Structures are given as C-alpha cells and as structure tokens.
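All chains should be built: construct the whole structure from the sequences, respecting the hints.
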Amino acid sequence: MGPFRMGIPYQRLSGYETFQGLNPPEWAGRGYAIMDVDARGAQKSEGDIHFWGQQEAEDIYDTVEWLSKQG
Numbered sequence: 036m037g038p039f040r041m042g043i044p045y046q047r048l049s050g051y052e053t054f055q056g057l058n059p060p061e062w063a064g065r066g067y068a069i070m071d072v073d074a075r076g077a078q079k080s081e082g083d084i085h086f087w088g089q090q091e092a093e094d095i096y097d098t099v100e101w102l103s104k105q106g
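Be aware that the sequence shown starts at 36, since it is given in my numbering, and climbs by one per residue.
To be clear, the hints were calculated from the coordinates, so they are not data collected in a lab. Keep in mind that this is a model prediction, so the values were computed, not measured. Using N, Cα and C, we set each Cβ at its ideal position, and we do this for glycine too.
Label pairs and their in silico Cβ distance ranges:
1. N58 to S80: 19 to 25 Å
2. Y45 to I95: 30 to 36 Å
3. P59 to W101: 15 to 21 Å
4. Q46 to Q90: 41 to 47 Å
5. R47 to A77: 25 to 31 Å
6. D97 to L57: 17 to 23 Å
7. Q90 to R65: 30 to 36 Å
8. P60 to Q90: 28 to 34 Å
9. P44 to F86: 30 to 36 Å
10. Y45 to Q105: 34 to 40 Å
11. G88 to R65: 30 to 36 Å
12. Q89 to A63: 29 to 35 Å
13. E61 to G106: 17 to 23 Å
14. Y45 to K104: 38 to 44 Å
Shown next as structure tokens:
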C-alpha cells in the first residue's frame, strides 16, 4: 500500500481514507479485528483465480464462517 493522499489536495478527499484503505491501527484502535484475505490464486495464495465465480463465493463464505468462530 502506498501513502495516503498521494499528492491529492486534502479538499478532494472523501474523509473515509482510513475506511477505503486497510489501516489496521485506525480500526484496531476502535476495537475491530482486521483480516486481509487474498482470493484463491491472487498474490501468494494457491490455486487459480476466478473472479466472481462459485469457488470465490464458497471461499468467502468459508472465511466468514471461520472468522465467526474466532471470537
């Protein structure tokens, strides 16, 4: 991730920069846990990437189910 704003005038920003970009200190400080998940086949994860397919839907479902059991 690059630095926020990247030369954009402050007046042009939405005010949600820490929401739109993953910023763990911002959200952890508010009591949230952060998890950055790569789709199957993206970045260094195994498999082949198929955006918006059945496998991705199942992977997202499995991730949410797993997360719900961690608390």
